[in-house]
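Participant: Quick note: the sequence shown uses our numbering, first residue 72, plus one each step.
Any given hint could be a false lead.
Said to hold, decoys possible - Derived DSS-like pairs: lysine-lysine, alpha-carbon spacing no greater than 30 Å straight-line:
1) LYS152 x LYS141
2) LYS185 x LYS167
3) LYS216 x LYS254
Everything labelled a hint here was simulated from the structure, so no lab data went into it.
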Amino acid sequence: MKYPKIRELGEAVVSLFTPAYTSKFPAEPHIPFEKFRGKPVVDDDNCVGCETCANVCPPGAITFTDDREKGIRIISRDYGKCIFCGQCQDHCITKKGVTLSDKIYDIAVFDREKVVEYQEKELVICRNCGAVITTKEHLHYMHRKLGPRAFSSILNLNMLNEKLRLSEGHETEVEIKDGLKRKDMFNIICPNCLRQVLVKYIVKGA
Numbered sequence: 072m073k074y075p076k077i078r079e080l081g082e083a084v085v086s087l088f089t090p091a092y093t094s095k096f097p098a099e100p101h102i103p104f105e106k107f108r109g110k111p112v113v114d115d116d117n118c119v120g121c122e123t124c125a126n127v128c129p130p131g132a133i134t135f136t137d138d139r140e141k142g143i144r145i146i147s148r149d150y151g152k153c154i155f156c157g158q159c160q161d162h163c164i165t166k167k168g169v170t171l172s173d174k175i176y177d178i179a180v181f182d183r184e185k186v187v188e189y190q191e192k193e194l195v196i197c198r199n200c201g202a203v204i205t206t207k208e209h210l211h212y213m214h215r216k217l218g219p220r221a222f223s224s225i226l227n228l229n230m231l232n233e234k235l236r237l238s239e240g241h242e243t244e245v246e247i248k249d250g251l252k253r254k255d256m257f258n259i260i261c262p263n264c265l266r267q268v269l270v271k272y273i274v275k276g277a
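Modelling step: build the complete structure from the supplied sequences, incorporating the hints.
Facilitator: Below, the structure written as structure tokens:
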């Protein structure tokens, strides 16, 4: 039989009279250190619904569902799957859309549905084929980000009118009939439909 060494006995005595190293959470509140990676908190005013966070989320905790009939994008964030890696915060295009809180971290629940949050954003949909282009807030953010350079591309007159308030909406909303025409370059159409117009009327000179 081997007996404890003197060093081991000394450590046992010291441990007996030393306060516990771990915190008393959850019996008592725990104050995390600065820059602690807690729950991701979304700022709806600065989130544009661009899908970047969903694309970089390793566990797939963030998902998007586009409802074309209602014209909304539903963003789902399941914090039961979140690993608090901070990729959503690091890759956010606005740098303010989502921030990992250093105060909110206790999200343990019995019902996992309680840690799923939903967010809605208005969609911009192609008026020719019905494809989803992006969210309206994302499009406005890009205009602000690019500044005067945004006007170097073919502009959507309806989106520009909404921003500048030059005329009533019904005066600029032109229904697409009998296929795409040259004038539809300035309508709300997706990149694929815009390419069709450019190829047909500009490149081929039809």
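Participant: Against which earlier hints does the structure fall short, listed by number upward?
Facilitator: Going through the list in order, the structure violates no hint and respects every one.
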